[in-house]
Structure formats: C-alpha cells, structure tokens
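**Q** Chain by chain, the residues run as shown.
Protein chains: 2
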Amino acid sequence: MPQHSPHAIPEGDPFGPDALPYGVFTTPDAPDHPRIGVRHGAFVLDVATAAAEHGSPYADLLDQPVLNPLMAAGRPVWEAVRAEIRGLLDAGVLPGGYARSLDEVTLHLPFEVADYVDFYASEHHASNVGRIFRPDSEPLTPNWKHLPIGYHGRAGTVVVSGTDVVRPRGQRKAPSDAAPSFGPSLRLDIEAEVGFVVGTPSPGPVPLEAFRDHVFGVCLVNDWSARDIQAWEYVPLGPFLGKSFATSVSAWVTPLEAFDAARTAPPSRTYPLLPYLDDSASPEPGGLDLRLEVRINGEVVSRPPFSAMYWTAAQQLAHMTVNGATLRTGDLFASGTVSGPEPDQLGCLLELTGGKGPWLADGDEVVITGWAPGRDGSRVGLGEVVGRVRPATA
Amino acid sequence: MPQHSPHAIPEGDPFGPDALPYGVFTTPDAPDHPRIGVRHGAFVLDVATAAAEHGSPYADLLDQPVLNPLMAAGRPVWEAVRAEIRGLLDAGVLPGGYARSLDEVTLHLPFEVADYVDFYASEHHASNVGRIFRPDSEPLTPNWKHLPIGYHGRAGTVVVSGTDVVRPRGQRKAPSDAAPSFGPSLRLDIEAEVGFVVGTPSPGPVPLEAFRDHVFGVCLVNDWSARDIQAWEYVPLGPFLGKSFATSVSAWVTPLEAFDAARTAPPSRTYPLLPYLDDSASPEPGGLDLRLEVRINGEVVSRPPFSAMYWTAAQQLAHMTVNGATLRTGDLFASGTVSGPEPDQLGCLLELTGGKGPWLADGDEVVITGWAPGRDGSRVGLGEVVGRVRPATA
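Protein chains in written order, with the UniProt record's numbering: chain A, 1 to 394; chain B, 1 to 394.
Extracted from the complex, chain A is given alone in its bound form (with noise of 0.2 angstroms):
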C-alpha cells in the first residue's frame, strides 16, 4: 500500500495521485535509454517499466524518449494512460520497486518542440512594462484588450530545467548613447510563465470549446530576456535575440485534467470581445488558479498568481489558431509574463525594480515553482524551473 511504502508522498506534496506529472528521465545505470516516469513526491516512478511488464496496452508510448508519441495520441489515450497509472497505484504495484530517487536521475527536455509561442496575457505585466518601455504613450496598446497579443519565439532554444544559461552578448544602446555597443547583456532578466503544450494537431482554428482536446499538459517556463538587447531591436518587428538565447521549461509536465479544481473565473473584460474569444457563455470559467513563486538564489522575490491573467490559454490557442494557422504536436505557449497587481506579485525583475535593476548577476540560480489547489484541500504541483547564470562566453 502507497502509504506504508518507503516511497510514500508527505501529507500536503504537491507531487501526490492528482498531479502525476509526466517527464522523460535517465537512470546512471541506463544512460542510454530515456523513457517517460512520472513525478511522485521526491521520487521518478518509471511508468514506462511498468507498463511493459504489467501487460499495458501503453507500454510502447511510455517507452519513448519524448513525450510527442503520447501527447499525439490524443485525449482518450491521455485519459486512459492516466486511469492505468493511478490503477498501478491503487494495486500496490507502484511506487513497488518502480521508484527512483529524482537525486539518481537525470532529467530531459521532455517533448521536442515544434513552434514556440509567447503571449503577453497580464494586464498588469502588459501596463508595467508599458510604462517602462514607451513612457511618452498609454501603456497598453489600443489592441490589448481585443485580443492576446503574441509572438513566435525560437523553439531551438527551449530548455529543460536545470540548463544553465549563458548571459547573451548582443547590440544595445540606450538614449542618450550616440551609438550602439556590443558586449555582454547587463539587464538580465527573467520572466515567470505558464507553458501550455499541444498534444493533438489541428488542420485549422480551435475554438475555444475544443481547447482541452487539444492541450496535453501545463509546464512551468522562465522566458529569459536581455532587456537591453531587447529595448533596442523590438521596434518595429517584436522580440528577437533578446529572448532567443534560451527558454527554459520545466521537466514534468501536468495534465492538463490535474488542474479542474483549480478552474476560476478571468478578470471582468473591458470591453465584449469577438466571438472567437468570447467566454462569457463558457460552461467552464477558462481562468486557472496557479500559484507561483520565483526565488532568486533561494530568496523570494515574488509570487505571482496565474488567477489574475486577462487572456486565457483557450483564448489564446483560439486566437493562434483563427488565422487557419495549423497546430502540431509539441506546440509551446506561454502565457507572458504573470504579474498580479500586488508589488510582491510580479514575475520578472523588469517590473520588480522599475526597470532600474539590479539585474541578474552571474552565478545567480533562479527557480520558479507552482502549485494549483486540488480535491479536498490537496495541491497539485507544477514542476519547476532552475536555472543557473553563467557568464558570457569570451
């Protein structure tokens, strides 16, 4: 039984039977064959071991080195390999000798990546930055609350947790320079996001109905920005190398279903939106309440609540998609940076110091954590986000 086993979770982890978080592992012993477990408490239960010899109809798509076999097979299968894995939990037969220390393995960049996307769904984050980056204009943009705002981010650079990062060299200039100069970035910056993955592909628009049959899970993702590089070349076509360096995303990944409970109603909108993004009239609020925290070299520096975010993630994948854009497996949004209205609620040092700094030193670890209320009081758990600075190469 899970609670007299050596592996069994403490009372209140947020990595318990209703989170179970996919993610793809090595072992010491087996370095050379990556294949999915999931997260239970402090411990990798390989699942895909499991499955072979326990008869599971599953067991070639747990055996896999990426999640992309899994996520493609689309939300029956996702249920039922769910239900299979809480069955071997209920039986005894997990955590059994299935468990692995998370300290003996090592983890990988969970699923290949096929487009990352990036959205600016905070108001708060969205106001701030305005204010700091175009002091002369509004801060939001006329088209902000019609619709989220997003880019294309490189998808070659997403990392798993625990990738150090390298501080980008790059041009900046600020106003008063008379030219710009390249060197090393000296406003290193994070940005705390939520990563949503594509599972089943689509040929053309998603309405927002169809959002959960299409979304395979929830990560956590730590947009690193360079915010001089960033403030120099975004005008007039977006973000490029401040943010293309890297993106780191957490190892697990949490299914999406993990997080019914924590469903809640978005902010009251400003004004009626279209009616590809209008949810006023969905059976289910799209808000999810996720908490966050980010800590810089283990201090808190922040706590930033998903439940405050304008745009939902249904929105945005009915918004990414309306256009007859087609979606693939491995398909990566975020959500932009999650910034509440509290100063002890924002997700990225941009907005924590005003835009003055300090920023990022070299040598600083970042770790972003998050957790969701669950049935009965419990908390079901994101992975987290580490990354560790390093400084520019020469």
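Check before you lean on any hint, since a few could be wrong.
Stated by the list, open to error - Just some of the chain B residues that point at chain A, by a computed CB distance under 10 angstroms:
#1 93
#2 118
#3 133
#4 141
#5 153
#6 201
#7 233
#8 234
#9 320
#10 393
By construction, these hints were calculated from the structure, which means they are not laboratory data. The C-beta atom is built at its ideal place from N, Cα and C for all residues, glycine as well.
With chain A's structure known, arrange chain B on it following the hints.
**A** Just chain B, lined up with the frame of chain A:
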C-alpha cells in the same frame, strides 16, 4: 551525351549543370517513396536511384524523404555529392533513364523546417513600409542600419510551392473604426523573398566567415501577409497572425556554391558596423546578384533585385546567433521582402500600390521566379514558388 538526349536542356535554361538544385519528389508509380531528386531543365533527375544503382557512398543520404540528413552532413559531403552528380552527368549516366518530367511527379516540402526567421533587410522595402504604417515617424527606425531586424515566424505553416493558400480570417480595425471586426482578410498580400537553408548546426555564434560552412542552399519564399490583420496586431510584439497562416517556399533548394559567380558587393553602409557585422574587409563580397520576378495571373508585376539588399545573408546569420542562439539543421531564414529603388522593383502589393490596393483576390495565382548570373553568361536558377489564393473557409 547529354546534348543528344531527349532530356537535353534548352540553351539558356537556368537549370543546367551549374544549378542542380535539390528537391524531394514522388512518382505516380511509387507515391509512398519520396526521395531526393535534382532539377535538370524541365526534368527531375532521380539521383537517389542513380546513386544506388551506381554504388555511390551517398546513396543512403539521397534516398530520403527530406533533405535534412544530407543538409546535416556538412559542406565537404555537399561538395562531394554535387561532384558525384556532375560526374554522372558528364559520364552520360544521367539523365539516362533517370529523368522524369516535372509534369509527372509530385514535389514535396524539401526539408523539415526547424526554426523560421524572417528578416527585413531591404532598405527600400523597410522605408516604404515605414512611410505607410507609421506616417508620422521617420520611415526607418533608429536601429535599422545598425542591425538586421528580424523576427521568428511559424515553422509549422511553411508549405511547398504549389500549395493553395486559404485566405485567412482575423481581426482588423482601421483607425476610423470604433471597434475591431472579424472576417476574411481584405488586404491579402505577397512578399517576394529569398530564403537560406541551414545545414550544419552550430552550438553558438556563426561569424561572417563561417557562413558557407553552415548554409546549405537557397530557395525562394513567398511570405503571404494579411495587411489588415498585421496592422492591427503588430504593436508592440511584431507580426503574428498576419503572417502565420502560410509561408510558401520553392520545391527546390539551390546549393549555395551555385551562386559563386553572382557574388556582389552590398550597398555602401551609412554607419560603421559593429565588428561582428562588419563585412568591409571580407575577402568575398557578401551580396548576391539574384534577380526575382513576380507574376500575378501571368502578368509580371515586379522584378525585385536582391543585389540591392542592405543586409547580407551572412550578416543575418551572424546576427541571429551572436547572442549564443544555437542553429539546427533545417533552420530557414528569409531575407524579408526584396525591393529595389525603382517602382517596378517592389516585392509586395503594399508597396506596389502605395498601401491602397488592389490586393489579392480569391483565385489569383502568384508566381515568383529567380535566377542569377552564372559562369560564362549562363543562368543559375532558383526554383519557382507558386501559390493560388483560395477563398476563406466559412
């Protein structure tokens, strides 16, 4: 001998032995066997089969459904494969029985696109667009002449020439409108561009002089653009849905070295460039004398000269990676709209019509072709990129 063959190439054909672009094709008798072919006049040479039947060490690299494995093999292999194909042509093995009429084959997307980046490298284009989109500001933003501005596009919607393009739907709001409206784009446009396809990956910066080691070849690109959607959405994070519905690329990738005779000096620079972009001392000029032609429904509407581009492809690649961003096999970066200084050299309808239209109508067919001067007065061709506009879906 080729000149006596039924597959002989007419004098002046841009797809002679100096071009030899690669593509992926299937035939009606083997529709499930996509493989690499080489264009030769109006024929596809089945080099995959020829290589296998003549004991080539590169047969496996050519019998592939995408160019990526060949592209990943690196420049020495690219040169060896090209030399071998030329050898088979010289020996009369090719065309031999290996030529298939273009009419009887199906051409496929020739490579799996990793990340797609679109630049904005024509001063004429950027100035013209700036005047139309931002009439109250300087046409060029202050950064424009200091760095090649670019942004990431959607890799998943890159389609091969010949694919119909469905008119996108989306939000648009003219300044005089009280609120945004939704519907099929009323300002569907083209952008005639040149694309560069990355073969050899890189863990970090690619300096100007390493361009040749990483870039496999050149294609033509039509970066379809919905101007009404773009104008409403693009501030502050850049183009998104106005572009992401489709980007067409030619079915043929012409090897970079085919354009050695077309190298030309880029325009003189207004400001000194930072060292990583400064090509003034490069042993070879970084520009390319590629001559594009845009036809709509058979009528030539423009002849954009690539030689007028302010930023070279080597500068684009150096910039794109200078922050440490990695490069993957299959990364595609496009030049941005190619426009020259003359009214008949503009690469999009936005410029050709001064922002007033007419725009593309349903049923319109757009064909972009291109060639470069080769050795001894010959021409080296780029594959055409063709697309027809289909009505918006209901």
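**Q** If a hint holds in the structure, say so; if it doesn't, say that too.
**A** Status of each hint after checking the structure:
no.: 1; hint: 93; verdict: 39 angstroms, violated
no.: 2; hint: 118; verdict: 8 angstroms, holds
no.: 3; hint: 133; verdict: 8 angstroms, holds
no.: 4; hint: 141; verdict: 5 angstroms, holds
no.: 5; hint: 153; verdict: 6 angstroms, holds
no.: 6; hint: 201; verdict: 9 angstroms, holds
no.: 7; hint: 233; verdict: 6 angstroms, holds
no.: 8; hint: 234; verdict: 7 angstroms, holds
no.: 9; hint: 320; verdict: 8 angstroms, holds
no.: 10; hint: 393; verdict: 7 angstroms, holds
Of the numbered hints stated above, the single one contradicted by the structure is hint 1.
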